[in-house]
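> Line by line, the protein sequences are chains A and B.
The first sequence finishes on residue 451 if you use this note's numbering, and the numbering steps up by one all the way, no holes.
The second sequence finishes on residue 451 if you use this note's numbering, and the numbering steps up by one all the way, no holes.
Read the hints as simulated data drawn from the structure, not as lab findings.
Just so we're clear, the structure is a prediction, and the values are computed from it rather than from any experiment.
Ideal Cβ placement from N, Cα and C applies to all residues, glycine included.
Careful: at least some of the hints might be erroneous.
What the hints assert, rightly or not - From chain B, some residues computed to sit far from chain A (all C-beta separations above 10 Å):
id, residue
1, Ala45
2, Val263
3, Leu269
4, Glu310
5, Leu320
6, Met348
7, Leu356
Stated by the list, open to error - In silico DSS-like pairs for lysine-lysine, Cα to Cα no more than 30 Å straight-line:
id, chain 1, residue 1, chain 2, residue 2
8, B, Lys189, B, Lys200
9, A, Lys198, A, Lys46
10, B, Lys228, B, Lys46
11, B, Lys198, B, Lys47
12, B, Lys47, B, Lys228
13, B, Lys189, A, Lys322
14, A, Lys322, B, Lys414
15, B, Lys322, A, Lys46
16, A, Lys322, A, Lys47
17, A, Lys46, A, Lys228
18, B, Lys322, A, Lys322
19, B, Lys189, B, Lys47
Stated by the list, open to error - Label-pair distances were calculated between CB atoms; the ranges are:
id, chain 1, residue 1, chain 2, residue 2, range
20, A, Gly230, B, Pro350, 52 to 60 Å
21, B, Leu68, A, Glu98, 43 to 51 Å
22, B, Glu351, A, Thr245, 41 to 49 Å
23, B, Asp82, A, Trp249, 46 to 54 Å
24, B, Asp82, A, Val92, 30 to 38 Å
25, B, Thr96, A, Gly230, 12 to 20 Å
26, B, Arg260, A, Trp249, 34 to 42 Å
27, A, Val92, B, Pro433, 47 to 55 Å
28, A, Val237, B, Leu68, 48 to 56 Å
Residue-level listing of the chains:
Protein chains: 2
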Amino acid sequence: MTLLNLPTPPVLVAIAAEYSPVILSGVLLSLVSIYLASKIGAEVAKKIDFPPVLGELVAGVIVGVSALHLVIFPEAGLTAQDSFLMTILQFVNQLTPEAAAGVFEAQSEVISVLAEIGVVILLFEIGLESDLRQLKEVGIQATLVACVGVAVPFAAGTAGLMSVFHVPAIPAIFAGAALTATSIGITSKVLSELGQLKSKEGQIIVGAAVIDDVLGIIVLAVVASLAKTGEIDVINVVYLIISATAFLWGSILLGSLFNRLFVRTVQSLETRGSVVIPAFIFAFFMAFVGSTIHLEAILGSFAAGLVLDETDTRNELDELVKPIADLLVPIFFVTVGARVDLGVLNPMVPENRSGLLIAVFLVAVAIAGKLVSGWATFGQAGLNRVAIGVGMIPRGEVGLVFAGIGSASGVLSKPLEVSIIIMVILTTFLAPPFLRLAFGSSTPTTTPAES
Amino acid sequence: MTLLNLPTPPVLVAIAAEYSPVILSGVLLSLVSIYLASKIGAEVAKKIDFPPVLGELVAGVIVGVSALHLVIFPEAGLTAQDSFLMTILQFVNQLTPEAAAGVFEAQSEVISVLAEIGVVILLFEIGLESDLRQLKEVGIQATLVACVGVAVPFAAGTAGLMSVFHVPAIPAIFAGAALTATSIGITSKVLSELGQLKSKEGQIIVGAAVIDDVLGIIVLAVVASLAKTGEIDVINVVYLIISATAFLWGSILLGSLFNRLFVRTVQSLETRGSVVIPAFIFAFFMAFVGSTIHLEAILGSFAAGLVLDETDTRNELDELVKPIADLLVPIFFVTVGARVDLGVLNPMVPENRSGLLIAVFLVAVAIAGKLVSGWATFGQAGLNRVAIGVGMIPRGEVGLVFAGIGSASGVLSKPLEVSIIIMVILTTFLAPPFLRLAFGSSTPTTTPAES
Numbered sequence: 001m002t003l004l005n006l007p008t009p010p011v012l013v014a015i016a017a018e019y020s021p022v023i024l025s026g027v028l029l030s031l032v033s034i035y036l037a038s039k040i041g042a043e044v045a046k047k048i049d050f051p052p053v054l055g056e057l058v059a060g061v062i063v064g065v066s067a068l069h070l071v072i073f074p075e076a077g078l079t080a081q082d083s084f085l086m087t088i089l090q091f092v093n094q095l096t097p098e099a100a101a102g103v104f105e106a107q108s109e110v111i112s113v114l115a116e117i118g119v120v121i122l123l124f125e126i127g128l129e130s131d132l133r134q135l136k137e138v139g140i141q142a143t144l145v146a147c148v149g150v151a152v153p154f155a156a157g158t159a160g161l162m163s164v165f166h167v168p169a170i171p172a173i174f175a176g177a178a179l180t181a182t183s184i185g186i187t188s189k190v191l192s193e194l195g196q197l198k199s200k201e202g203q204i205i206v207g208a209a210v211i212d213d214v215l216g217i218i219v220l221a222v223v224a225s226l227a228k229t230g231e232i233d234v235i236n237v238v239y240l241i242i243s244a245t246a247f248l249w250g251s252i253l254l255g256s257l258f259n260r261l262f263v264r265t266v267q268s269l270e271t272r273g274s275v276v277i278p279a280f281i282f283a284f285f286m287a288f289v290g291s292t293i294h295l296e297a298i299l300g301s302f303a304a305g306l307v308l309d310e311t312d313t314r315n316e317l318d319e320l321v322k323p324i325a326d327l328l329v330p331i332f333f334v335t336v337g338a339r340v341d342l343g344v345l346n347p348m349v350p351e352n353r354s355g356l357l358i359a360v361f362l363v364a365v366a367i368a369g370k371l372v373s374g375w376a377t378f379g380q381a382g383l384n385r386v387a388i389g390v391g392m393i394p395r396g397e398v399g400l401v402f403a404g405i406g407s408a409s410g411v412l413s414k415p416l417e418v419s420i421i422i423m424v425i426l427t428t429f430l431a432p433p434f435l436r437l438a439f440g441s442s443t444p445t446t447t448p449a450e451s
Numbered sequence: 001m002t003l004l005n006l007p008t009p010p011v012l013v014a015i016a017a018e019y020s021p022v023i024l025s026g027v028l029l030s031l032v033s034i035y036l037a038s039k040i041g042a043e044v045a046k047k048i049d050f051p052p053v054l055g056e057l058v059a060g061v062i063v064g065v066s067a068l069h070l071v072i073f074p075e076a077g078l079t080a081q082d083s084f085l086m087t088i089l090q091f092v093n094q095l096t097p098e099a100a101a102g103v104f105e106a107q108s109e110v111i112s113v114l115a116e117i118g119v120v121i122l123l124f125e126i127g128l129e130s131d132l133r134q135l136k137e138v139g140i141q142a143t144l145v146a147c148v149g150v151a152v153p154f155a156a157g158t159a160g161l162m163s164v165f166h167v168p169a170i171p172a173i174f175a176g177a178a179l180t181a182t183s184i185g186i187t188s189k190v191l192s193e194l195g196q197l198k199s200k201e202g203q204i205i206v207g208a209a210v211i212d213d214v215l216g217i218i219v220l221a222v223v224a225s226l227a228k229t230g231e232i233d234v235i236n237v238v239y240l241i242i243s244a245t246a247f248l249w250g251s252i253l254l255g256s257l258f259n260r261l262f263v264r265t266v267q268s269l270e271t272r273g274s275v276v277i278p279a280f281i282f283a284f285f286m287a288f289v290g291s292t293i294h295l296e297a298i299l300g301s302f303a304a305g306l307v308l309d310e311t312d313t314r315n316e317l318d319e320l321v322k323p324i325a326d327l328l329v330p331i332f333f334v335t336v337g338a339r340v341d342l343g344v345l346n347p348m349v350p351e352n353r354s355g356l357l358i359a360v361f362l363v364a365v366a367i368a369g370k371l372v373s374g375w376a377t378f379g380q381a382g383l384n385r386v387a388i389g390v391g392m393i394p395r396g397e398v399g400l401v402f403a404g405i406g407s408a409s410g411v412l413s414k415p416l417e418v419s420i421i422i423m424v425i426l427t428t429f430l431a432p433p434f435l436r437l438a439f440g441s442s443t444p445t446t447t448p449a450e451s
């Protein structure tokens, strides 16, 4: 089994055959570290009344390249020797440095793909939870808030980065795009705590956040595709916007036909996994199509979630997807944090100061750009426009998806990537207290409705 | 991002960075193929009244190297050009042959590890379902049946392979060990259909099958460890048997202390995944320990399952593990089938005939060796000993775990590996009709008890 002297491509084959139990050990140990970090982070965040997802992200930063070096990836010159877990594995299994390097690469690749599958499943779940019918009720006001809340931060962020900070066009567009999405989860949780979920402001915020998610994912698909080709061509941009929109709406329209087929198939199946396997065949197939037509895998799984949300098996599916998402989504959040090198923003190093200024700028645009969206509403006397604007501020998980995909595509410079993560963390931390302040200054304009 | 000219080890890093979306596409497409095959196979098997797991295995053979070449692995000289899925990916993404080779290796490595995680989770689930308290009731009779049913096929199989077929000692021991385990799932399903689950024979069969699982996993850990070192040393064998047994019983004993800690921890958690994440931290950690002390990862997750089976959260955990197992376990069964090259037993090729004889021999020993175990019972007048022996025949999923691990360790020759798979398929196909015949000739010796 000593194939190690073969030429370049089969290296992994040889390492995989020789060290397959060690690779599995490495993956298991990485997963144990990731799960411990995510659970401790989520629980601590919950105790101090912050969203659990932020705790998972910060825990990821702690176990990652910035601090403990438990979960690191072979990028930016890091090797097996830098990884604390690999040191353990190398000692226990008496690996040579070459074997350790091979095992480190193989297990990192597996964890990276698991994180990508995690975000595919996260968007599938968000799709399953987004109720398209609800959008019709909130209507035009929510659409206006969403569009302003996407356009203003995107335009201001991209223009500012290019003109003031001389960032090249593609990374500037990517960072601008990362400013667009609103986290529906965090906002709707705070609104429900304040008893404002069914107020007119609450309804507009939630509706706009759903539209924001859809717009944000289309923007992400377009921007990520631009990052792949590396050039901005007006025809290409128009083609991408049309194809991403067409893909999403096309799958939803075809979905209503597919729905019945899906429910009939699921009902006729008699073996274990009769709901979950067909659902994931559909989600993974759509993700594959999304990726193959040079958009994004997550656009496909999001569309699959929107489609299956309309079926009768929806509630059963929600329950079954939950434990799967619980197991795979934290891998994504923790590894996004683990890849962040906070060192690039250390204010003690003079070269880092421009990076710090970018972070401050992005946070300011992220807050101001969403705040103005409250004034996009019209004809509604007595509406709490500040509260609507503040409700759109938190970026949460969708902002992290941008940072994660930007990091994987290699288009973002390290300071820009870290600035985006800091923007996500700060907007998400600040929104709950701001929202309480904004609503505290006014009484609900409508009495809470039943639902 | 063109790091492709760096020296050997960072090849995967370069390929991973450049082609990360393509690797994800490949993994998604492989998973879609695997899930389609597993669901179609399971449903067809169910329709013709065979165990679904056999259908998944046969479907794996069909999509694998023996026929469709949809799911294949870079081993035994297979390259990206042999893979139908890679041909699609290469065409869609315009990959160079070198890039295609790298993507093929990376995605195959990910699927292999997912299959290994699948079997880790399968054994975790089997552990969760094995009720140790039940064993005390069936007691000595079941223990005797189990021990005879493990010892006779193991000794006869190993001795026959070495003396008649001149197979070297380690592969012969491995194949002999693959003859030991009984599939509790298949037998207990048929027994329950026959209304015999609570009869004395049924109780002995189920009890013996549980003990068989435990003995079989210990035997597997010992044999796989022998295969790794490549030499048989009496002291080493004694050490391995003691350490595997001590690991299993030690974790169960310590488990009763750990149980309370686990339940308290789970109850104090407030964020999503409060049961499932701690359970998988424990299962994966135990699997890591099992693998690190040179036994097997599955021994660890099996022990974790036995421990958590005793907790109050057991029923909730069972429900949560199900969809996760539904999603990951089929990857294991389908890839075991997909790696099987039926061509090595083609009777038209004269060189294959000794392999065919081995297959016939293994099937005969597998049936006869379990049949005699019925006569290990004593002092029970009127007991249907034939039915007990027949009930122990099906090998099912645990037999496949042996074949899969033997294949991964490289210790089994291709004909021997295929013979084991055929033995598993035939014993599992034959047991249900045989069991009906055996019980048809006698009335239940006891009336069905309540439980």
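> Against this structure, judge whether each hint is valid.
Evaluation of the provided hints:
1. Ala45: violated (8 Å)
2. Val263: holds (16 Å)
3. Leu269: At roughly 6 Å from the nearest Cβ of chain A, leucine 269 of chain B sits no farther out than 10 Å, so the non-interface label is violated.
4. Glu310: holds (21 Å)
5. Leu320: The claim breaks: leucine 320 of chain B does not keep its Cβ more than 10 Å from every Cβ of chain A (closest is about 4 Å).
6. Met348: holds (30 Å)
7. Leu356: holds (27 Å)
8. B:Lys189 x B:Lys200: At roughly 16 Å apart (the allowed maximum being 30 Å), lysine 200 of chain B and lysine 189 of chain B satisfy the hint.
9. A:Lys198 x A:Lys46: holds (24 Å)
10. B:Lys228 x B:Lys46: violated (38 Å)
11. B:Lys198 x B:Lys47: The hint holds at about 26 Å.
12. B:Lys47 x B:Lys228: Not OK: lysine 47 of chain B and lysine 228 of chain B at ~41 Å, beyond 30 Å, violated.
13. B:Lys189 x A:Lys322: holds (29 Å)
14. A:Lys322 x B:Lys414: violated (41 Å)
15. B:Lys322 x A:Lys46: This hinted pair holds, its Cα atoms lying about 28 Å apart.
16. A:Lys322 x A:Lys47: It holds: about 22 Å lies between the C-alpha atoms, which stays within 30 Å.
17. A:Lys46 x A:Lys228: violated (38 Å)
18. B:Lys322 x A:Lys322: holds (12 Å)
19. B:Lys189 x B:Lys47: Holds - the C-alpha atoms of lysine 47 of chain B and lysine 189 of chain B are around 15 Å apart, at most 30 Å.
20. A:Gly230 x B:Pro350: 52 to 60 Å: The hint (52 to 60 Å, Cβ to Cβ) holds, given that glycine 230 of chain A and proline 350 of chain B are roughly 58 Å apart.
21. B:Leu68 x A:Glu98: 43 to 51 Å: violated (36 Å)
22. B:Glu351 x A:Thr245: 41 to 49 Å: For glutamate 351 of chain B and threonine 245 of chain A the Cβ distance comes to about 60 Å; the hint is violated.
23. B:Asp82 x A:Trp249: 46 to 54 Å: Once the Cβ atoms are compared, 39 Å apart, the range 46 to 54 Å for tryptophan 249 of chain A and aspartate 82 of chain B is violated.
24. B:Asp82 x A:Val92: 30 to 38 Å: Holds: the Cβ-Cβ distance is about 36 Å, inside 30 to 38 Å.
25. B:Thr96 x A:Gly230: 12 to 20 Å: Since threonine 96 of chain B and glycine 230 of chain A have Cβ atoms about 18 Å apart, the given range 12 to 20 Å holds.
26. B:Arg260 x A:Trp249: 34 to 42 Å: The hinted range 34 to 42 Å is violated for arginine 260 of chain B and tryptophan 249 of chain A, with Cβ atoms some 54 Å apart.
27. A:Val92 x B:Pro433: 47 to 55 Å: holds (48 Å)
28. A:Val237 x B:Leu68: 48 to 56 Å: The hinted range 48 to 56 Å is violated for valine 237 of chain A and leucine 68 of chain B, with Cβ atoms some 40 Å apart.
Consistency note: the structure conflicts with the earlier hints numbered 1, 3, 5, 10, 12, 14, 17, 21, 22, 23, 26, 28.
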